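Throw the hints in and build the complete structure from the sequences for me.
Residue numbers (the UniProt record's numbering), protein chains in the order written: chain A, 1 to 217; chain B, 1 to 199.
To be clear, the hints were calculated from the coordinates, so they are not data collected in a lab. Small disclaimer: the values here were computed from a predicted structure and weren't measured. Glycine residues also receive a C-beta, built at the ideal position from the N, C-alpha and C atoms. Possibly wrong hints are sitting among the right ones.
Unchecked claim - Interface residues of chain B toward chain A, partial, derived using beta-carbon atoms under 7 Å:
#	residue
1	L54
2	Y94
3	D119
4	F130
5	S138
6	I142
7	M146
8	P150
9	T180
10	R198
Stated by the list, open to error - In the EDC-like style, the derived pairs of lysine to aspartate or glutamate whose C-alpha atoms are separated by at most 20 Å in a straight line are:
#	chain 1	residue 1	chain 2	residue 2
11	B	K74	A	D66
12	B	K191	B	D175
13	A	K70	B	E66
14	B	K78	B	D140
15	A	K70	B	D65
16	B	K74	A	D101
17	B	K74	A	D73
18	B	K136	B	E197
19	A	K70	B	E70
As the list claims (entries may be wrong) - Derived coverage of chain A by chain B (criterion: at least 3 residues anywhere in the stretch with Cβ under 8 Å from a Cβ of chain B; other residues may be distant):
#	region
20	14-22
21	28-37
22	44-56
23	151-157
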Amino acid sequence: MASYHPQLELLTEYAAGCLSLAQSSCIAAHLNYCGECQRGVIQLQNIGAALFEVQDPAVAGDALLDRVLKRLDEAAPLCYSRPRRSEGATPALLQRLMTGDFSDLPWRKVTEALRISYLRTGDPNYEFALYHIKAGGEIPDHDHHGSEMTLVLEGGFSDDRGTYNTGDFIYRRANEQHAPRALPDQDCLCLAVLDAPLKFTSWKYRWMNPFLRLHAG
Amino acid sequence: MNETKGKPATAWPAPGRRTDEWSECLVLIAEKHDRAAFSRLFRHFAPLIKAFALSGSTMSANHADELVQEVMLKVWQKAAAFNPEKAAASTWVYTIARNCRTDLFRRLQKFDTPLSAEDFSPEQESEEPFALLQSKRSGDRIREMMAGLPADQMQILAKVYMEGKSHAEAAAELDLPLGTVKSRVRLAIQKLQVQFERA
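Laid out in structure tokens, this is it:
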């Protein structure tokens, strides 16, 4: 049961379909853990539907109708059918971005406690990455030039503002500095969506910054 | 669109009968592959889908027609998945149109992605009759109350939902502070009684 949720404005943009692909993926993954937000998003979609109904109609005449009628017998394209939502399982959307399991992904060691694996969403503006933090381990102090969405997939972490568990969603804006630490009893797996590379602020890790360019796409 | 220009008095559909006509069409399509029902549905929704395609965007008329075809073909192919107890027909058509438009924009921007907008749509998780009724009632309530929203709030909802603009883009276009845009959206959503259980 999640206790940290996306803000209303993010859910609204998500429901309206105007949020970026990578950020939408992160919100969709949160909905997998959160029935409340899921029901809220369905209501927010109803706003779109109500506006859609009362638009001034454009002209779509019978020539267009005839073109569609001629195509009705086309076979429907094969379509991926979604598995039923199951509590605790890896969000279906993430599974579509990976082959195999989390353990099959190429992981890159950043520090003793932190490994990162980049997933490809096709969104050229955002990095979409999995962070694996060892139990009790810390991500060195860092800040962001851009925004950062984080979703806890397994375990949990804490920073100066709170403790976050599986399903929790955290959104940080540019230039907010923090040093998250995984909870002591379990390794933590998070999804992070960034629009600018993170930047370590502690002198010990600053030398790594040039290597942390944005892995978008 | 400027702020003072009021929309002409719109015929707000009554939540009862009129929506049912389109639900019936969808059921006829699903069960009998009824082309006459499809044509009726097309004449009602195609002009709305096209208006949605063209609103606030740079989409060409050709692409808008392409979108209408794509959405209406999906309506034909997926009619069996429509459940009149879950949602109004127009909500169902709108969601398909929104997804197809998002995908078309991404194709036009040459995104190479394994995901389609459909992957993001939340499924109604509960099939329990009470929850379904609640969700449908919320839809009806939103339709009724929308007419009473102040023009400045309507304008921003239209930017976000119909034109597909983010809050930041809407703020830039209307030359308003981002905070004002956000609070107008928040107020509108409150007035429409969209409730989050935690709130």
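These are the hints, each one checked on the structure:
For B/L54, the interface hint holds, the least distance from its beta-carbon to any beta-carbon of chain A being 6 Å, beneath 7 Å. Contact between B/Y94 and chain A, as hinted, is supported at the beta carbon level, the nearest pair being about 4 Å apart and thus within 7 Å. With its C-beta approaching chain A no nearer than about 6 Å, B/D119 sits inside the 7 Å limit, and its interface hint holds. Taking 7 Å as the C-beta cut-off, the interface hint given for B/F130 is violated, the closest approach to chain A being about 13 Å.
Look at B/S138: its Cβ gets to within about 5 Å of chain A, closer than 7 Å, so that hint holds up. Interface restraint check for B/I142: the shortest CB-CB distance to chain A comes to about 5 Å, inside 7 Å, so the restraint holds. For B/M146, the shortest C-beta to C-beta distance to chain A is roughly 5 Å, which falls under 7 Å, so the interface hint holds. Interface restraint check: B/P150 against chain A, minimum CB-CB distance 15 Å, threshold 7 Å, status violated.
Proximity of B/T180 to chain A is violated relative to the hint, the smallest CB-CB distance being about 13 Å (cut-off 7 Å). Annotation: B/R198 was flagged as interfacial toward chain A, and the flag holds, the nearest CB pair being 6 Å apart, inside 7 Å. A threshold of 20 Å between alpha carbons decides the hint, and for B/K74 with A/D66 the separation of about 16 Å falls inside it, so the pair holds. A threshold of 20 Å between alpha carbons decides the hint, and for B/K191 with B/D175 the separation of about 24 Å lies outside it, so the pair is violated.
A distance of roughly 14 Å separates the Cα atoms of A/K70 and B/E66; the hinted pair therefore holds under the 20 Å criterion. Only pairs whose Cα atoms come within 20 Å are accepted, and B/K78 paired with B/D140 is rejected, the gap being roughly 23 Å. Our distance criterion of 20 Å between C-alpha atoms is met by A/K70 and B/D65, whose separation comes to about 15 Å. Taking the CA atoms of B/K74 and A/D101, the gap is about 33 Å. The hint is violated against a cut of 20 Å.
Pair hint B/K74 plus A/D73 holds up; C-alpha atoms about 12 Å apart against a cutoff of 20 Å. Of the pairs offered as hints, the one joining B/K136 and B/E197 holds, with about 16 Å between alpha carbons and a cut-off of 20 Å not exceeded. At most 20 Å may separate the alpha-carbon atoms for a hinted pair to count; A/K70 and B/E70 meet this at roughly 13 Å. Coverage of a stretch by a chain is defined here by at least three residues with a beta carbon nearer than 8 Å to that chain's beta carbons; for the region 14-22 of chain A and chain B the count is 6, and the condition holds.
Residues of the region 28-37 of chain A with a Cβ under 8 Å from some Cβ of chain B number 5, which satisfies the need for three, so the listed coverage holds. Only residues whose C-beta sits within less than 8 Å of a C-beta in chain B count toward coverage, and the region 44-56 of chain A has 13 of them, enough to reach three; the restraint holds. With 0 residues having a Cβ less than 8 Å from any Cβ of chain B, the region 151-157 of chain A misses the three-residue criterion, and the hint is violated.
Consistency with the previously given hints fails for numbers 4, 8, 9, 12, 14, 16 and 23, ordered from lowest to highest.
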